[in-house]
Amino acid sequence: MVSQGPLLLFAFLALLAGGMAGLRWGRCWLISTVAGAAAALAAGIWVLATRAVWEWHGPCAIGGEIPVFRLDGVAALFLVLLAVLGAAATIYSHEYWSEERHPRSACLGRVWWNFLLICMGLVLLCANGLHFLIAWELFAVSSYFLITLERSRLEARRAGWLYLAASHAGTLCLFAFFALLAARTGSWQLGPLRDHAELKPLFWVALVGFGLKAGMFPLHIWLPSAHASAPSHVSAILSGIAIKMGIYGLVRFTSWLPTPEAAGWVVAALGMVSAVLGVAFALGQHDLKRLLAYHSVENIGIILLGLGFAMIAQTYGGASWGRLALAGGLLHVWNHGLFKCLLFLGAGSVLHATGTRRMSRLGGLWRAMPWTAGLFALGAAAISALPPLNGLISEWLVYLGLFGAAGSRGVAAWAAIPGAILLAVTGALALACFVKVVAVVFLGAPRSPAAERARECGIWMRGPMLALAGACVVIGLAPILFWPALSSAVAAWAPGWAADAAPVPLRALGTFHLALVVVAGAASLALWHRARRNGLTRGPTWGCGYAAPTPRMQYTAGSFAGIITEWFAWILRPERRRHDPAGLFPRNAADHERTPETVLERVVEPCGRMIMACSTAVRRLQHGRIQAYILYLVIGLAVLAMLAFAGGHR
Amino acid sequence: MIPLLLIPVKLAAWLMLAPLLPGIINKVKAWVAGRRGPPLLQVYYDLARLWQKEVVLSNLASPGLIVGAAVAWVALVCAAVLLPLGPSDSAVGFSGDALLFIYLLALSRFFAAGAALEAGTAFGGMGAAREVSYAVLSEVAIIAALLTFALQSGSVSLNQMLAPSAGPGAVLLAGGLFTVLLAENCRVPFDDPNTHLELTMIHEAMILDHSGPPMAAALHGAAVKLLLFSVLLAQAILPLGELAWGRGLALLAGMVVVITVGVGLVESLLARLAFRRVPLLLTTAFLLCLFALLTAWKGTAS
Amino acid sequence: MSSTLNLLIGAALGCNLLALASSRLPSMIRAAAIQGTLLGLAPLLMDHEVGWLVALVAAGTILVKGIVIPYLLLRALRAANIDREERPLLGFIPSLLLGAAATIGAVAAADALPLLPEHAASLIVPGAFATLVSGFLLLIGRAKAISQVCGYLLLENGIYLFGMLLITATPLIVEAGILLDLTVAVFVIGIIVDRIQRAFDTLDTTKMTSLRE
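Chains as they are written, first to last, in my numbering: chain A, 1318 to 1967; chain B, 9 to 310; chain C, 44 to 256.
Quick caveat, the hints were computed from the structure, so don't treat them as lab data. Glycine included, each C-beta is placed from N, C-alpha and C at the ideal position. Hints are supplied without guarantee of correctness; some may be wrong.
Below 20 Å or equal to it, Euclidean Cα-Cα: the simulated SDA-like pairs (lysine to any residue) are [claimed, not checked]:
| hint | chain 1 | residue 1 | chain 2 | residue 2 |
| --- | --- | --- | --- | --- |
| 1 | B | Lys306 | A | Val1836 |
| 2 | A | Lys1517 | A | Cys1490 |
| 3 | B | Lys306 | C | Leu159 |
| 4 | B | Lys306 | C | Leu158 |
| 5 | B | Lys306 | A | Ser1725 |
| 6 | B | Lys306 | C | Ala164 |
| 7 | B | Lys61 | A | Arg1847 |
| 8 | B | Lys306 | C | Ala149 |
| 9 | B | Lys61 | B | Met223 |
| 10 | B | Lys18 | A | Val1836 |
| 11 | B | Lys306 | A | Trp1731 |
| 12 | B | Lys18 | B | Met263 |
| 13 | B | Lys306 | C | Gly148 |
| 14 | B | Lys61 | A | Lys1517 |
If the Cβ cut is set under 10 Å, some of the chain B residues that face chain A in the computed set are [unchecked claim]:
| hint | residue |
| --- | --- |
| 15 | Val85 |
| 16 | Ala106 |
| 17 | Ala130 |
| 18 | Val274 |
Some residues of chain C that are not near chain B, with every Cβ distance over 10 Å (derived) [stated by the list, open to error]:
| hint | residue |
| --- | --- |
| 19 | Thr80 |
| 20 | Arg130 |
| 21 | Val150 |
| 22 | Ile202 |
| 23 | Arg238 |
Please put together the full structure from these sequences, using the hints given.
In structure tokens, the structure reads:
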């Protein structure tokens, strides 16, 4: 009888072996890594299915502490996602980042890749604060090396540097968090400590530390550039699962430690802000991958909204709706992982085929890349929470939680009503954004020669995308299959809530979705047949009588989003450089628009410059002349003596 | 079993009766202007004719245009099936279907806008951009209205939510939802269905490159959407769910006709708004629904 | 009785939002006038019997706020031949949303105030708060002198609504004095508007910063 332990050990060894093989043999690396991911997946599903918590105590101390590994419902949920996305992106990168195309970085990339997967797995498993920190730090460093895989590009180096800085600021908070925790409880071992009321303030430190990694709104500064500049399979894994490690940390420690009363409100408010502003910033982007990166901020917001309401429910005793909000938030972790990974892989295919991420250079790709176009459109529909796909299921659960909270008419309703309204705003804005992306990138006419010459990607890149799309569809059509996994994670988060488990009408929703698919398919076929029977001719697009239209005259991404970005101009602060046409036969006219990363460029960088200026001024004191140093010593001693003197008199 | 058997009957009613509404609006407009106007059944004739016609697709368009038109139509019809009709519950209702209802409308919008952008024309782009942007505001108003119903009825299923009357906030809710109806169906003062100036259109600009059966689907879908919002509005303000069968249905039909005539009168008497004024009006509609929500909360709490 | 009063105050709150959202000066003046009339009716609906004093206050208020002041303002508008479109410092939608937020916040906050039990269910106190805030929003967010006057009127309506709580205690003379002040003020502003218009060809108060020296 195999149990979770050997499976996890096998996964670890397979990933380790794969990483070492990756230096020389690509095929070996692929098989070994996928096998390891499959083993981890099996272990995660096992725990979710049986609700049995797996725990293992190490035989000897590492760094003065006995290592403890634990896999419960919450960790298993994230482990399953890690395994699925890890395997998909691994297969994808076999073609995408192959040795032929990237001879210098492919081998090294494979090593760091496996290292990253192992470290994320360890973060999920570690139940000892010290080892958690070590795994966390190694995970941050390995993702830094993956982001900067193309070291020759300045953009990638800068993004990596920003990521490393932000990541270390977060790790610093986590150091403080774990150290204070260990100091107050007297042990580095982690576990449920809900009755220690004196640990409440630690939550705020954890919120900053984990929030930086998760990319919630004011702390998301590193996220857009890192996700945009990294190789696409790395962006997929970063956006799909790496930022979820921050969510994992928050979910984990809000369930184990007591939280202040205000915590749920703050998390829910941060969720609302992240969701709305994330999508608003996404609408202003003209770079395909940067746009997708901002959608990660949005979806993290939706997850935090669910988590925040679960915490509010715990404070005010609303198990019936708190359960739904938490289940929705946790399912959104999976869903966002799946469709965001799919979208990043699709964007990678576009980049692979055309060499550009600028949407104003793309267009009409459906003709050359029908698979990528179809799968990307499916991912876009899923992330816009459209029925019958998975995004709707999780947002629907969060909505049910919010409506339940509003119906309770208690204090929680004051948060639930704006929550539901802002979630609706987010959904509608996301829809607008993804209509824009799909249309500008895949529909219409190619806007540049590169887009015209595009070729469909190969089977190794298409396969993982198909699998991820399949997962999106399955969760959408049969959500009831996934409810046991969710309820076991909810039970692990709040042990008291499992008792009053009311059946959620997921079965009815799934049936409706199935019917919708059947009817929509039938109607499409009928309409297609009717059109064929009546006669289908092709003609030029109607141009209102204009004789010489060019593809560049199509509606652009910027103009499509213009109405909405104007509403959000107060925070987006778009920079515009206009050169209006003048005179009778004007030659040059131009209009450039760029949406800056407001928080980074308007807040963090000015503050950084100020600190830099102060430090530079202070640095002048150090110039290498020994006489001056002795003078400092004398002055210092004199000041100290005067202080002592004054103190003595008092 | 009986409710399930009723689904085809209701579906047939939705599909057959929907094109009547644009006919009524046109009659009202003609009457106000002192003209005779097109026949009441003109939309049916148009649909029959379009269904027979051949399709001219743009060189740039993918098969997605036809699929998009079909899915947009199906999504609207599915949303219609979720609505109860007066005293008769929708047979497919479940807790949370109100949210599915909103997202089915969103699904329809996604595919309609996608189909509009297939041909790569700037007009399609303008229409689709306006459609999805203004929908943000009207969706917010609808969710506020749904929260009001949920608070009043203590349920998230449309069958129960729409059964009682709207209570003290009925007037506010009626104003808000009627404005949303006008916006979502691209009627005056948000859009002019009769305009022939492409730069100012929303819905018409989106279907410029549609022809034949896909055009019929778009036209019929628009009629279903109008009926959908009229039925929603009628049930939101009247306690139709608590009446007997015959009276409830008759009252529902009467109310729908009244709303349709109201749309026609608005169309005859008002001019189209400048585009930069549209968000202000839709925000007002949202606030009306929001205040209805607060009234519901305060009114039933004390 | 109380529900009719609440309905009246609710309509007055609607006028606040109308004034905040209206881009044309005449409609803003009308919103303020309707609000003045509605609030003028309010004392007649209070829970005590209507004495001659209360009736007099109501009649005076309606006359001044509903008829005289709007008439003066509209006349000034006509005489000065002002561009009727408002160019706001604070956009219409933001001011509308802020006004709505103030209304909701006032309703929520009134629950926390230590009010007399007979005033707890009525909308007088939250209505007064919301009207005050709306008046301030108009004063802050609009540039034209006439809309400043409207903001001032809204402010006064808010104070008047507060005064309703004390209607039986406030001497008539105080109420009448306030009304007189208001009329004179609006009258003076009407003249000033005319003078400014003749002297500077504009009523945009933002341009008056050049007068500071």
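- [ ] Against the structure, test the hints numbered earlier, and report the numbers of the ones violated in rising order.
- [x] Violated hints (numbers, rising): 1, 14, 18 and 21; every other hint is consistent with the structure.
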